[in-house]
Amino acid sequence: MRKRYRYFSIIVLFILTASVIFFISNNRKVSIDRYSSMKQLPKIHPDYCETVIPPNIAPLNFLVEEKGIQYFVKVHSKQGTPIEILSRTPKIKISEDSWHELLSLNRGQELLIDIFVKAENKEWNKFQTITNKIANEEIDAFLLYRKIHPSHNTWCEMGLYQRNLQNFRETPVLKNDRYKYGCAHCHTFCNNSTDKISISTRSGDYKSSLLIVEGDKIYKIVEKFGFTSWHPSGRLLALTVNYPPLILHANRNEMRDIVDVDSWIGFYYIDSEEIKTIPQLSRKDWLENYPTWSPDGRYLYFCNAKMLWTDTKTAPPEHYQESKYSLYRISYDIEKDQWGEIEPILLADKTGLSMNQPRVSPDGRWLTFSMCGYSCWPSYHPDSDLYILDLKTTEETGKPVYRKMEINSDECESWHTWSSNSRWVVFSSKKGNPLFNRTYISYVDESGKLYKAFVVPHIDPTFYDSYLITYTIPELVTEPVKATGEKLARVIRSIENLPVDMAITGATPKKEN
Amino acid sequence: MDIFKKDHLEELGTACRGFAFFTLFYLYLWLYVDIHLIYHGAGKIRYFPVFYKDWLFFREYMSYPGGLVEYVSAFLSQFFYFSWTGSFIITLQVWVIGTFVNSFIESVNASHLKWLRFIPPIFFLVLYSQYTFYFTTTMALTVAFCFIWLYMKFNFKNKSLRLIVFFILSAILYALVGGAYIVFALLCGMYELLSKRQWRTSLIYLLSTLIIPYIEGVFIYRFSSIDAFTILTPIFWKFKIYNKTDGVMFVYGLYLFLPLITFALIIWRIFNIRLVLPKFICKVSEISFIKNKNIRWFIDTSFLFLVSAVAVYFSFDSKQKAFFAVDYYAYNRMWPQVLKAARDNPKHDIVIAAVNRALYHSGQLGNTAIALRQNPGTLLLVGKYHKDLYWYQFDIFLDLGYVNKAEHDLAEALEFYGERPQLLQRMALINMVKGNLGTARIYLGVLNKMLFYSEWANEYLNRIESDPTLSMDKQVQHLRSLVIDREHLLNYPTIDALLLELLKKNRHNRMAFEYLMTCYLLMNDLNSFAKNFDRFEDFKYLRIPRLFEEAILIIGSDPSGRVLLQGKKLKISTQTFQRFNSFFKTLNTFKGDKSKAFREFPDDLRNSYFFYYTFFKNVYSGEEK
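From first to last, the protein sequence lines stand for chains Y and C. Position one of the first sequence corresponds to residue 0 (numbering that gives the first Met the number 0), numbered consecutively onward. Position one of the second sequence corresponds to residue 0 (numbering that gives the first Met the number 0), numbered consecutively onward.
Hints were generated in silico from the structure; no laboratory data involved. Honestly, I wouldn't trust all of these hints.
Claimed, not checked - The following residues of chain Y were derived to be distant from chain C, with all beta-carbon distances above 10 angstroms:
(1) Lys90
(2) Gly107
(3) Asp176
(4) Lys335
(5) Glu394
(6) Tyr466
Claimed, not checked - PhoX-like, lysine-lysine: derived pairs with alpha carbons at most 20 angstroms apart:
(7) Y:Lys125 <-> Y:Lys92
(8) C:Lys568 <-> C:Lys530
(9) C:Lys530 <-> Y:Lys179
(10) Y:Lys174 <-> C:Lys237
(11) C:Lys237 <-> Y:Lys179
(12) C:Lys239 <-> Y:Lys174
What the hints assert, rightly or not - Computed footprint of chain Y on chain C; a stretch qualifies when at least three of its residues, placed anywhere within it, have a C-beta under 8 angstroms from a C-beta of chain Y:
(13) 396 to 410
(14) 483 to 495
A virtual CB, placed ideally from N, CA and C, is assigned to each residue, including glycine.
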């Protein structure tokens, strides 16, 4: 018994000693008095240099890509205690609490990062200080996106996930293994809020449906819808029906391509539980797509292209590479349920490119969209870039005032979303590799200037270097989704659904309502 | 001396038998089944887990019941990469199960049923002989058995203490093994009834089979009810999607045999059923010779090995093994081994396709393709008989230089089979060929996190750093020279159209040329063969392949054909001329009776193109083109 007690005591003592040593070594103050100054900026990965960051963002952990045996990093600003990290590895992980404290004290100020690297000869080298700016405005706390492999015709595991941008927590919202590997498709939120959500799903076992979340109520409409957009009042949902077969190129670097052979825009009225179409947005000889509402609900913006083929059963259809979408809008009075005339905003004939994915900033000032060579799926076009149109100046002058955003790279940019305060844009980019989308954040000031984008930070700065998942359809929301994944999946799996009268065959309605 | 006491001798005998059995079990798996073939998967094992050496990968598994066991199974499965380590792990697992069964049987006072401990090993023999993979679900069962053993060890006399121990173990076990927990609760309940005669406790335990999964699975882990009860068991929907049903009955058997036998034991004891054996068995058991323990040991041991041998005999699938081996060797470009392994399964289209590649790479395609009696679609595994064969197609197209098609097959295969390292290696290569170094780095980064692929991945990562153009990499440079650059879709109407497109890009694409000419020979389209024969000059053949020679002679013998070799350096060999004359001389002896000729033609001429052209002329013409 005594022996056992002795051994037990030794073990406890050992653990305590090790903990104390660990604590001391991690918390000792480091002072580097002698060092050589390097005249260049250090190479860090991801590139968190000269950006504007939200004051509530998670720590920007990074990897120092300079050879050394030890690394010392000092993160500081005008006020508050500098964060000092001494590390034997080039991976720099910043304490969340210290980080948030520093950022919250220094909104609007510069955030400075000093990096010292100890070379093999035991001498320290200090690189030029990295300067970032801390914005005054916060970014919406949660980012939702779909995670999927860059698949072709087949898919297996995928899901919708929400990431808390203030820390590194990512939780599944709806994983497709809850409904036998169906597809979780496009998801939209009303006014950056999770009170009203729509999610398009595809399932061989449980039928394709549109899942609608209104507070605690979750129900589905069993129809194959594509893109959706909530009217800001929450009373109406614009939705599309598409027929977008995948085609594969034998010679291109990005071999995938999608052509919407047929499509139309309809509307689901929440109160009356009806789906209706209007003639202007469901014409047989036009392809209507990507509806999005203005923040005041008075206009529906969308993309439209003339159908250049008569055969809607063959994929790809003839002249598909000449199919270019233009940007339009149509006025709407929700109280009277009356539609105006279609107005062109920006025509493909003028730009020579195809416009897609329009989104209006919540303050109504800007319209962002993507443009690529042809067709409606910019994610598969390396030449796809993001553009911004000044709605105010366009209204005043009667001429579209737009430009290519500063945040574009040589690869594909697409799938963008605005924060609720119109100061942040989050978008998907294949920067650095033409296959996997990552999500980037960029600050937009009041003049519409976009600042250098940075990738959503991860606890492991090398995470994206070996991650075979692509992030699509990022959406910023102010609070987390309240419904659990199982609750959503249960609705998908159930046979109960909202019956709607849709006189539709194919992607263009037979009857006009 | 003690060691010679009878009891010790009996124990020694049992131990020796067990040792011999498991040694043979291990050697069988290692040397005969060749467990590393199961690791390779050959496109038949869909649910072979991947394993990454990082914390985030581990964390993913902790979010659902059964995650930890699935993680450990994924880790241990990686050691199937080497046959000897994989076989050792399986043998150890089987030994643990067998030992537990023995212990359980003893604890319920049914020592006369100790032979039951050999049932699981025999089931495992069958499973692995059929090249199936149910390691994760059987591991869940193993852990459940271990917990039952643990429960039996906590042999408190106090009922309440036993209850507490049971519920603590239940809570932990459900988190570890998910639905396999039910076996634990069932057997603990039966143990309480048989061993302790505590029917109330037994009832509580049996009710736990419903309560624990519901509370933990549905309320805590937020699973659906069905998933909460079935996760990690062989009836879990994921296993059904991932696994074909081969051998699944034996997995059900593993889960059910002990509960069913214990239940039978309960009924037997409750109703005091007397087993009435047939008279002759009673008489045999009365013979003093049989009563001798040594003889009994010998009979029991022989019977065990006989049953095992019979199980292996009836379950081992040599064609399946050949299929796996051919695919493994073809992936690793071990061409002589492909040809040798294919002999055990020569008629399977996928094996034939691999053999075609092996013959091509060995310089033998033009000499022996016809001997395979193949459908032209088998060359590229395309056509209406070859759908969704992504795993088997990507290397064919990669070798041909049809890189985007290979990439498409790999992308589909990745969805189907998961992030298998074989697929990731090829994806990394394709992206290097296409110059997508950023993407290649990501695939290499993933491989770097795997147990046995980091060296290969690191080598390429270093190569990319030092030489971004990969100018010194012969394989990359060769493939780059073959890649099609003309804009068109991945959808050729015919096999020869595709091969001609490849030759248009690079006249020196030898594989495309040989496959094209073989395709024409298989379709008996000698006109097209003749039209393309000039391409022969683009390659440095030392001699014309035999089958091509034979085709040329057939063309030459047709008055409307042209003599292809006029003005060319290479000539037809004397042996081919002799074979030509011999063939038609022999054919003439049958005086037009084709069916008789087909049956009785000499073997040495049956592998000639003359024979194929004469007797298979209308079989494949046109349809697969």
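(message) Of all the hints numbered above, which does this structure not satisfy? Sort the numbers upward.
(response) Failing hints, ascending: 3, 6 and 9.
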